[in-house]
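Residues per chain, in single letters:
Number of protein chains: 4
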Amino acid sequence: MSTASFRALHDRLRRQVPWGTGDRRGALNHISPERLAAAAGEARLGRSFTLAAPLASSAPDNPEPGMRHMKRLPGEPPDVPGVSFAADQLVMNVHGDVDSHIDALCHVSYDGTLYNGVRPGAVTSQGASELSIEDVRNGIVGRGVLLDIPRLRGIRWLEPGECVSAAELAAAEAAQQVQVGPGDVLFVRVGHRRRRDELGPWDVAQSRAGLHPDAMAYLAERQIAALGSDSNSDTAPSVVEGVAFPVHVLAIQAMGVHLLDYLQFEDLLPACEAAGRWTFLCVVAPLRLRGGTGSPVNPIAIL
Amino acid sequence: MSTASFRALHDRLRRQVPWGTGDRRGALNHISPERLAAAAGEARLGRSFTLAAPLASSAPDNPEPGMRHMKRLPGEPPDVPGVSFAADQLVMNVHGDVDSHIDALCHVSYDGTLYNGVRPGAVTSQGASELSIEDVRNGIVGRGVLLDIPRLRGIRWLEPGECVSAAELAAAEAAQQVQVGPGDVLFVRVGHRRRRDELGPWDVAQSRAGLHPDAMAYLAERQIAALGSDSNSDTAPSVVEGVAFPVHVLAIQAMGVHLLDYLQFEDLLPACEAAGRWTFLCVVAPLRLRGGTGSPVNPIAIL
Amino acid sequence: MSTASFRALHDRLRRQVPWGTGDRRGALNHISPERLAAAAGEARLGRSFTLAAPLASSAPDNPEPGMRHMKRLPGEPPDVPGVSFAADQLVMNVHGDVDSHIDALCHVSYDGTLYNGVRPGAVTSQGASELSIEDVRNGIVGRGVLLDIPRLRGIRWLEPGECVSAAELAAAEAAQQVQVGPGDVLFVRVGHRRRRDELGPWDVAQSRAGLHPDAMAYLAERQIAALGSDSNSDTAPSVVEGVAFPVHVLAIQAMGVHLLDYLQFEDLLPACEAAGRWTFLCVVAPLRLRGGTGSPVNPIAIL
Amino acid sequence: MSTASFRALHDRLRRQVPWGTGDRRGALNHISPERLAAAAGEARLGRSFTLAAPLASSAPDNPEPGMRHMKRLPGEPPDVPGVSFAADQLVMNVHGDVDSHIDALCHVSYDGTLYNGVRPGAVTSQGASELSIEDVRNGIVGRGVLLDIPRLRGIRWLEPGECVSAAELAAAEAAQQVQVGPGDVLFVRVGHRRRRDELGPWDVAQSRAGLHPDAMAYLAERQIAALGSDSNSDTAPSVVEGVAFPVHVLAIQAMGVHLLDYLQFEDLLPACEAAGRWTFLCVVAPLRLRGGTGSPVNPIAIL
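Protein chains in written order, with our numbering: chain A, 61 to 363; chain B, 61 to 363; chain C, 61 to 363; chain D, 61 to 363.
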């Protein structure tokens, strides 16, 4: 896709945002109380599933791994009477290419602005004064829909570099007998987590399956509330000349759609298949990191 | 309470655990699929509320504050074409006396063992090989119940050092017309978060309201699945001779009840009052920290 | 001192810098090879002393304490044959009000520039592309001189808020029979480390002894190479209207004098007194932190 | 070398330690005040050189890279009047396979003890109560000697896996006309830093040049005070059956010799060659990390 075509697509999607100049929640506005309450009705089997992967160690896709160190061990002499504790400390980057996380709307700057015209200067060394992850403090609670592209194609996973088109999303809907609609939290599975588990990690920053930018126009029509993947939704290399992460730009900066990156669906998948159902109650609960550009998350799917 | 009485109470509660020696999930077993599905029915208004407080900065109750530092600013020249990013890094202790978190069952050692007889040596400098927070990877999803003790007493908050007895929990149930039952995620509000907001932080490690150890016998009978508070559920100073955190010992080590510490209920409270209802769907989603002793969390209450 | 007087002093000191517009080492240029070799002649007793304090824990002057956590314990089963290791991890702020550190020349911006007209934009979220601590990678090696102000005054320490004037520096030189000269690394003791040891920590950010700005003109004439203190050389509150850290501005930004903050002289002091000598070989070895604004250090004094 | 031969060598070297059971400084005792003062006489040219490499980023030899993040930028609005600051934060492992550091004597446990019979339990999750790096708080100041093995062999660097024998150390002394003696801080260059600079990083944990264990007997006779290298002094794979780091065991645990790992000599080397001299004043200044197993360092060589 040429730079000019991308810009035209971007500008069109941006103009369609109906929330007004003061909005800071973007597509989460699509989740009305009615839709949220209806989504709760998906939790009929009473079973919950993690959509996150465990904190990863050093690997080709994880050059700055998060670390969890012990501060105190229960086998050692206690420092208070009668009881001893185990405690630890956490050091981790919020983004990156392997740990499951959510991007705040301040994460992406394009054409000199963040989402909804907010100036990049709203993010300083002290954090984001606007569009931070704190704006999602009440969580994302809505109907989750999982579209399984490898299932549609009859393969185990998409190869790095491959693209999912709007047409393919529509085909997956048809095959799975599900319709993506307003306020849905859409998950598009490309099978990268399974590929990583079976073949080992690779440098996903250089080579990664994701959505074609055109698919974002389709999803804008469907009025999704948020978008997640077991990749980061963007292919690598980019299919757009001169724009490295076109889906990030369209989703976060133009449409105000929060992205959920590097999730895993391998636990949920067999349950969906057994139930013959690809919708569920979904709850995403970012940490309350004031000024934060995102958060590590463990999205929960409830069937 | 004497050391001997405490030990007797401990041993009795520990003997009552029905899950067998191999169990690692403790009271979460009380949440059956049926109870989970029923809990989803609480989400009728379609509104969600955070039960976490924002990451706190340095204060008398926060001697080792978590830090969130910027790694990249969107106003700076991008390192990839056409788009620039804001990104940050997180350093934080998992426990402590102010940030909202969940304690894993490996967190407490008493009388030479962790929960269910697991030896403390299962926790090394490399983390917990048993009873880590990874055992809660699918989240805690169930009916949440909020008992508001300051409301019962007609005050704004309990003063540090005060105790909530079993009788008072029963009185709160009666006053709020709610019955705590099997599989519930119980939240006991002592008002400490409000006190902190209004009077400023104090050294809560030295002086804190919480539950009386006797209340744990009451909650064991009720078969709660997990217990949270806007304190850490334990009073300071301890009311038990020679045991610093008796409620931690009883809940985590004897009963296998995960504790949720230093939550905030100030957002949820007005909604409960307006709805005249103190039950809700509750989702707690710990990060997947392999070997971890707990996790920062943002529990979500859905009315 | 009025803002205008300060500005005049600043501009005069800045104009006196003789090193040319491309210089990035500032007053360290005063240490010629001859002076360095001569300084080595101070090491006659063959005894070395630390001028750093141990990494501090949380205290009123240390709201974000550095942390050192164990990664591996020698008593645990080894992960390689025949040997086991102890290892740890370090998390610490480079500056702050208690841990001994050196300020790089990029640390201070005044009047829209860093030292020698370098624009503040040279420091981004990726670090300092100019004037970073890497410019001191070969260490500061020269003659150290300790001026002991409490000794001059016959007291144990200066009280927080007190000022050391140029005249008092001259009086200390006379009393100690030492002459501060070109290329010296000057240490001015105000006794704050002793006060902290004996009375306990206080909020030194609010109340601190240091040099009067006029003293910097005196030290510019003497052509010192670097300046250290057991405070941070600046008084609090500031004696200059509208400028919070006037000595930092004059030393680092105008004169290119690296500052060494929050050192301790209590180990060195008795040795100097016993030797009747206040000069020594001094070696400061900052870590090689590319782009860094400073470094934790342990300056060594060799008598 | 067989496990039994190694054990015999170990036991012999350990028995030779003359400092008594209470000693915690090991071979640093060889640096008498006279030797230190004499070493200062090496600083005749008045030039200093770093022996450290810059903090490394992620690479095959650096799976958990240290990070330096900005906390404050000078181009942003100041939070105090009239001046703005650049500040940063440091997160780094103390050991590892690329960043220059010193190992404390608590770092190595062999045969159930640390150096001089100290039990491994002296190191807990709270740090080392004995043999920590704080014991080196006054720095290591002595005569440095650089033996350049690639120079002796007429090559650019030793290949990973190669060994330096006692005979080769003696040959290097002869070729460089220098005699290693009591109290010297010995640096053995294998050229790995140059190899890394020119060929790029490799997985040095698997493949690394170092000393043969026999060389340690030679160095014990010479009574060196400390030992450094641009490797970590141990070959990989190990030449001893069943013992992964034999030189670490002999140096640190048996002889009480502090090791300086992953230094760089590329700056010093041309100056030594030009001066025709391989001795210098050496100053190593570890950070004061209470309980620490070592410290990042920037050793300074002064010619």
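Fair warning: there could be bad hints in the mix.
Unchecked claim - Once the Cα atoms are required to be at most 27 Å apart in a straight line, the calculated DSS-like pairs of lysine-lysine come out as:
#1 D/Lys131 / B/Lys131
#2 A/Lys131 / C/Lys131
#3 C/Lys131 / D/Lys131
#4 A/Lys131 / B/Lys131
#5 D/Lys131 / A/Lys131
#6 C/Lys131 / B/Lys131
Hints listed in this document are in silico derivations from the structure and should not be mistaken for laboratory results.
Do the hints match the structure? See the list:
no.	hint	result
1	D/Lys131 / B/Lys131	holds, 9 Å
2	A/Lys131 / C/Lys131	holds, 9 Å
3	C/Lys131 / D/Lys131	holds, 25 Å
4	A/Lys131 / B/Lys131	holds, 25 Å
5	D/Lys131 / A/Lys131	holds, 24 Å
6	C/Lys131 / B/Lys131	holds, 24 Å
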